[in-house]
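Take the sequences, apply the hints, and build the full model.
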Amino acid sequence: MTFVLTEDQEMLRDTAVNFTRDELPVKHLRSLRDSGKNGVDAEGRQKLAELGFFGVLIPEEYDGVGMGMVALGQVMEAQGRTLAATALLQTACMGASAILLGGTEEQKKEWLPKIASGEVTTALALDEGSHHSPAGVATEAERDGQGYTLNGAKKYVSDGHHADVFIVVGRTFGEAGDTHGLTLFLVPRDAKGLTVKSLNTVDSHGAAHLTLEDVHVPESHVLGAPDKGMDLLEPVLDRGRIALAAEMLGSATAAFELTHEYLQTRKQFGQLIGSFQSMQHRAAKMFTELELTKSCVGAALTAVDEQRNDISELASLAKARAGETVHLVSNETVQMHGGIGMTDDHDSGFYMKRARVQEALLGSASFHRDRFARINGF
Amino acid sequence: MPYDTPSDPEAFRQEVREWLEENCPKSMRTPQPEDEVVWGGRREKFKNPDSKVWLERMAEKGWTAPTWPKELGGGGLDREQTKILHQEMGRINARIPLHSFGLWMFGPALLEFGNEEQKKRFIPDIIHGRTRWCQGYSEPGAGSDLAGLQTKCEDKGDHYLINGQKVWTSYADQADWIFCLVRTDNTVKHEGISFILFDMESEGVETRPIKLISGSSPFCETFFSDVKVPKDQLVGDVNGGWKIAKRLLQFERSSISASGFGAARGSGMLGLEEYAKIHVGTDKDGALLDGDLRGRISDHMMYAKAFGLTVKRSGEQAKAGQEVGHTASIIKYAAAKMNQDKFELMIEALGTEGLGWEGEGFDKGAKMATRAWLRSKGNSIEGGTSEINLNVVSKRVLGLRDHQ
Ligand SMILES: Cc1cc2nc3c(=O)[nH]c(=O)nc-3n(C[C@H](O)[C@H](O)[C@H](O)COP(=O)(O)OP(=O)(O)OC[C@H]3O[C@@H](n4cnc5c(N)ncnc54)[C@H](O)[C@@H]3O)c2cc1C
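Keeping their order, the protein sequence lines are chains A and B. For the first sequence, this note's numbering begins at 1 and goes up steadily by one. For the second sequence, this note's numbering begins at 1001 and goes up steadily by one.
Since the hints were derived computationally from the structure, they do not count as laboratory data. Just so you know, not all the hints are guaranteed correct.
[As the list claims (entries may be wrong)] Keeping only pairs whose Cα atoms sit at most 25 Å apart, straight-line, the calculated SDA-like set for lysine to any residue is:
1. B:K1119 x B:W1104
2. B:K1305 x A:L328
3. B:K1319 x A:M1
4. B:K1061 x B:W1104
In structure tokens:
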């Protein structure tokens, strides 16, 4: 396992950090919110594409830059620092992975270059209840001669409000709770019978509920092996969880830095508040948690590039630890800022709100504790 | 000179593997009961004779101190080779041949601050486990505020004369020598401390064991009255001991935490989740019946894994030349928390089986777990309390200032 970045990865990291700092700061998210854009940012998307960020996982033969997961992690961490609302997690990570791991050569040729260029964004439409549950799919996918007909509803599809193509998980047999009988479908946004309802969310990033009423999907849009969707879904989800953990690490780090700065400037009782030991110890504990989280995220990212067999375990580890850390830090950020931390004018609330969304997506810490226990046989 | 030049790691691995296969006695490849742990020194009895053979063979290769210089009897290995050695030892469950404060903290400090004579005189004995060292730091009035120590050291021309008292001196009653902080100047605090070494059999040294809540008596009150110490046993400069003291504490913090407080040492104790499965029970899928406990055990195991990865990351970063000096306190703090959480959970998982003290009626491993739980309470105290380590992180790493 390597925890030290290569020169190329380091360069990409610097580019990403500078870009999000200059072009997509928290202020930008705030303005997207205030102007009613609900996290949809066409201009930002174009710039991200120009920098090659949508193609980080995509091999050069499909017009990507093929730098791998550690590299993508650097971009995700950078976007997490400024809470940038982008389609990277859904598209550059999960969409690209689904097609890379499950797509036919034709599908790869059709979709990957469009993803890399930013022409198309994707969103995984999986969960149907309020909690992440990959096996809990009830959406029916019935064979209909030239393909399948989908009927069902998907809840809180992140980036679904602006995605061009959905990766819909349907059930070709069995019932909700079964891990077999799932199939993945590429469903364009304008498919007949698909309704996308935009949601205004606490983090100002937005999301969507989907309903599918007799949506016809041709055979050529089936992704991966029919009925065995879980075999494709799990690795795609794990990559998403790891990338999201990297984003969360970025958010937690930035919120910590904001707080650290405040501890060294705000005075009360004639003293810097950072000179009070109760504040110092909490800052030191946060720093320790950040260090541990960084190790987990680093290990999980490299595990994907090294194609190790403990990716699932490390994905759950990274997502759960990042969840604990981002809550600890964002809550403390508000508390340590005192009254100003409670105001909308200040950025700390943005970190705390986004943390809740990050936690709920792709499995909460509690989901991953359960999974980690199962992987470890108890 | 087989290992001096950058050699092929796989060839080295093969060589180590063969050597271990030939030289590690069979009985040294089994879990190590507490009473067979080898600490070396004049009083070592080697309850299991194989452990003596094992120590001698390892020491002969310098592999009790794999990274120390060859000319002083160390292994002369680089980090990569050391890692391979440890991996190969782990592969056959080889016991650690020697537990030693000399190896973990005093030796590394002496290599850095001692003069050539001192190194030649003390280092080989540490490597071979011939001298057992204890640490004379804490005093009744100087614990966290270590620099407040008062043990007096006077220059008597041809020797030093030491008077005072130490406390919490681990294994002082079993040790041959002590590395000791003493006051050589009363008028200044940190700049009046010196670092001195002497034989525990010197006239005027007395030790009295103190019993711990876990029932064992690993440490002592230690008294010095008119102890005469030859002048060449002072390390570094007179009044220059604080710098050495601090560096040694870094070694102490890193070594106790990297070993997870030795909790993983084979001992007959089962793993946390194994005890839970036995005493709490599982459903048909093998999941613990107590979902809340299961979640907390899982959380702890993740923390432990995160901790292990962090130790590893800091090693890799150090190797790549990055600054990692700040990690010793973070790691010490996290290790203490992790180990204590582990034993809290273990006692909970054991239920009433974890409430035995001695005698019949309780599983042997469970009784060890109970003692280990009590012992783990010291993890956030020994080697600098968790509070002090958090102070170090907030001040040195995060740059937060004191009240002005
Ligand atoms: C198992 C074990 C083995 C040991 N082995 C050795 C040994 O071999 N040699 C040796 O010399 N010593 C040894 N020690 C001693 C150990 O280093 C001291 O116990 C430790 O440094 C704490 O000192 P103290 O016990 O005097 O507690 P105190 O310093 O009196 O501390 C009491 C409490 O006050 C807190 N506190 C003190 N100062 C501050 C501050 N500035 N900010 C916040 N909180 C503070 C502490 O964290 C602690 O909670 C050992 C201790 C243990 C438990």
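Hint-by-hint comparison with the structure:
1. About 15 Å separates the Cα atoms of K1119 (chain B) and W1104 (chain B), which keeps this hinted pair within 25 Å; it holds.
2. As the CA atoms of K1305 (chain B) and L328 (chain A) are separated by approximately 19 Å, the hinted pair is consistent with the 25 Å bound.
3. Of the pairs offered as hints, the one joining K1319 (chain B) and M1 (chain A) holds, with about 13 Å between alpha carbons and a cut-off of 25 Å not exceeded.
4. Proposed proximity of K1061 (chain B) and W1104 (chain B) is supported: the alpha carbons are some 18 Å apart, at most 25 Å.
In this structure, every one of the numbered hints holds.
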